[in-house]
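Put chain B on the given structure of chain A with help from the hints.
Number of protein chains: 2
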Amino acid sequence: WQGLKVKVFEFAKKVWKIGVDDPRKAMHGIKVGLALSLVSLFYYTRPLYDGVGGTAMWAIMTVVVIFDYSVGGSLYKGFNRTIATSTGGALALGIHFFADKSGKTFEPLVLGASLFLLASAATFSRFIPIVKARFDYGITIFILTFSLVSMSGYRVEKVVTMAQQRLSTIAIGVTICFLVCIFICPVWAGGDLHLLIIRNMEKLADSFEGCVGNYFDGSEKNSAGYKCVLNSKASEDSLANLATWEPAHGAFNFRHPWKQYLKVGSAMRYCAYCIEALNGCINSDIQTPEHTKKHLSAVCMKVSSEASKVLKEMVNSVMTMTKSPCIDHLVGEMNIAVEELHSAMRTLSDSITRSSAVSVSFVETLPLITIASLVIEVCTRVEAIVDSVEELAS
Amino acid sequence: WQGLKVKVFEFAKKVWKIGVDDPRKAMHGIKVGLALSLVSLFYYTRPLYDGVGGTAMWAIMTVVVIFDYSVGGSLYKGFNRTIATSTGGALALGIHFFADKSGKTFEPLVLGASLFLLASAATFSRFIPIVKARFDYGITIFILTFSLVSMSGYRVEKVVTMAQQRLSTIAIGVTICFLVCIFICPVWAGGDLHLLIIRNMEKLADSFEGCVGNYFDGSEKNSAGYKCVLNSKASEDSLANLATWEPAHGAFNFRHPWKQYLKVGSAMRYCAYCIEALNGCINSDIQTPEHTKKHLSAVCMKVSSEASKVLKEMVNSVMTMTKSPCIDHLVGEMNIAVEELHSAMRTLSDSITRSSAVSVSFVETLPLITIASLVIEVCTRVEAIVDSVEELAS
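Residue numbers (the numbering used here), protein chains in the order written: chain A, 87 to 480; chain B, 87 to 480.
With the rest of the complex left out, here is chain A:
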């Protein structure tokens, strides 16, 4: 019993933390409640109720189903729902008209066959990538509306009125959703994507510098930030997809190049893979002794700090969405540092040759050489990030 109490308390604390860490999430809950309350007004106040008829439940359904955390998500679902309801309903009415002409015997057959064919085709179309990305939700609603209207048509005689009412109530639901979603503490998928890229780039800069620092001077800096970058593809893709539905907001235009963010994200991920391998080599069993490490210590740390500077300048560049004036200089500095590392590696060979116990020293340098080479490889990939960010900024 005591154990249960502790567990419940722990759980409550976790839930509370979710809300405190990102108050927008708590706000989202309140927004949904508000939108539903607004819709329920159509139900509770008699004049409005008489206006839209008994189909007010479609407004409720619309609000519950399309209200999404981000504005982009709500707009995506809202547009999909509106368009799919219209086309599905219109198509069902058209087929209903033909079925009516074909006589009492054939009517159910025509309706049944058309339902089967359209539902199959529409379901299959979801496997087409572009349809999946843009109209997945719409396809569901299309099938739903088509089946409902084509079947109700067989029973209820006033199909057109019904369709009209349904559309108007859906329009009410969609409008309330959009208004609440856009004007009360809006959460923009585009803004979130923008922030995600910026934060990931900062993490990449810190963890690269941290990694190399930990290895060479034994400081205990946090170097795990790159791990967030490794698995961010799914969230980047979905945010970019939703962002394309959003209108201009803040510093972003309607046709903001969201796809380019994905390219930046992918370049960052390639860089993170390399940092991951670097981290693996740093934590490997076979280690270079400190006195040998010293030969490359200063220059490796210089390279990583220069690369980190480049990444941080890129963060600024993405943040302000302008081409950074000093980026060429910084990349130049980084490349100079890389050159210095190259020549330090060459000098290392001289010191090996001069030392007495030749073969031992050489073996000892192997992990160090690998790490230095990976540091250079990371710099190459940082340059790829720079290219993709410049394309974004232009």
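It is worth saying that the hints were derived from the structure and are not from the lab. Honestly, I wouldn't trust all of these hints.
Which copy is meant is left open, because identical chains are indistinguishable; a pair holds if it fits in one copy or across any two.
As the list claims (entries may be wrong) - Mimicking DSSO-like on lysine-lysine, the simulated pairs with C-alpha atoms at most 27 Å apart in a straight line are:
no., residue 1, residue 2
1, Lys349, Lys319
2, Lys409, Lys388
3, Lys349, Lys313
4, Lys100, Lys345
5, Lys349, Lys409
6, Lys398, Lys93
7, Lys190, Lys99
8, Lys218, Lys319
9, Lys93, Lys345
10, Lys313, Lys345
11, Lys380, Lys307
12, Lys388, Lys313
13, Lys218, Lys103
14, Lys218, Lys91
15, Lys313, Lys111
16, Lys103, Lys395
17, Lys218, Lys93
18, Lys319, Lys345
Same frame as chain A, but now just chain B:
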């Protein structure tokens, strides 16, 4: 006009290819059509129609909304929908009862406040990871049912009958869905996850061997397979989540350790990151000349082929879900090869020292050393895969 025709033709070819590559996708479309046709029988045949009343539309809605590509997806949505409809409806009836007692003035207030609070709380609960993973769809349905019942309660007097009818129609929809989904060409999320892991492991084995082979003997083998592994986390997570809903099927029990597949997947991804870095170093600008490469060529290729054998034995082990009897031997062979590579690297230093143009040769070996070290690192990560697979098989 001609251009449009070509485009449409190209598109049609692409769509056709989707169906041919995986006929299960086309079958899925047909299955949805079939389930809808079955449900529509309740509408078209009068005795059945009279039995379930005018609420047959809830059965249609249920089929359209819960029919998912995989059995796990359908079961997940079906259970969520059933439970959420029951609890949401029951709660709404309970609150409706209290609101009724509180008098005409307070009734809308009580109903409105309860709607606002419950909708907000339920929406917020979606941000809790465990709720999100298991009950995301259920929360939507809970809010939906609660709002519909609590609002209809205010207008329609026969709330209980309505709720009963709705539940029975939903049960019909869910039953038809499950039957069609499970008994006609079922697509099991668990089986798909199993296959995905197996295929990815094969790709990993081939691409590692291919990568190293391409570098050392210039063969043009396909070595890009590891790229599929890099980004498979999202699909693995979603398949594993759906698989937990599935009953025993084929070789899998009900409580098959699907979570363990995620661990295997993650170990494979760590291996793939390293292969990615290796590939980056292989394609880098600075190259070791062929005559220097030769020193490590044979042994590196031996290591990669041993590692590939280990991975392929793991494929068998996952496929048959048994601990492989010869895996310890194979891992031993791989580690012997790694040891040989270590000593070959040591011998390399001797040949450097003996050669006349010392410093040049040493610089030339740098990329080779890095690549050899990364090959060793990949082997370490292959061992981690072996550990996770053994845990799965036991």
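Intra- versus inter-subunit Cα pairing at 27 Å for Lys93 with Lys345: between (44 Å within a copy, 23 Å between copies)
Within, between, both or neither: Lys349, Lys409 at alpha-carbon 27 Å: within (17 Å within a copy, 42 Å between copies)
Within, between, both or neither: Lys398, Lys93 at alpha-carbon 27 Å: Neither: 42 Å inside a copy, 44 Å across copies.
Within, between, both or neither, where Lys218 and Lys103 count as close if Cα-Cα is 27 Å or less: The answer is between: 16 Å across copies meets 27 Å, while 35 Å in one copy does not.
Homomeric proximity label, Lys409 with Lys388: Cα distance no greater than 27 Å: Close inside one copy (25 Å), not across copies (49 Å); limit 27 Å.
Copy assignment of Lys313 with Lys345, given that the CA separation must stay at most 27 Å: both (23 Å within a copy, 20 Å between copies)
Intra- versus inter-subunit Cα pairing at 27 Å for Lys319 with Lys345: both (13 Å within a copy, 21 Å between copies)
Intra/inter-copy verdict for Lys218 and Lys319 if alpha-carbon distance must be at most 27 Å: both (17 Å within a copy, 19 Å between copies)
Homomeric proximity label, Lys100 with Lys345: Cα distance no greater than 27 Å: between (35 Å within a copy, 23 Å between copies)
Status of Lys111 relative to Lys313 across identical chains (alpha carbons, at most 27 Å): So Lys313 and Lys111 pass the 27 Å test inside one copy only (24 Å; across, 35 Å).
Status of Lys307 relative to Lys380 across identical chains (alpha carbons, at most 27 Å): within (19 Å within a copy, 40 Å between copies)
Copy assignment of Lys349 with Lys313, given that the CA separation must stay at most 27 Å: Both, since 18 Å and 16 Å are each at most 27 Å.
Checked against the numbered hints above, the structure breaks hints 6, 7, 16 and satisfies the rest.
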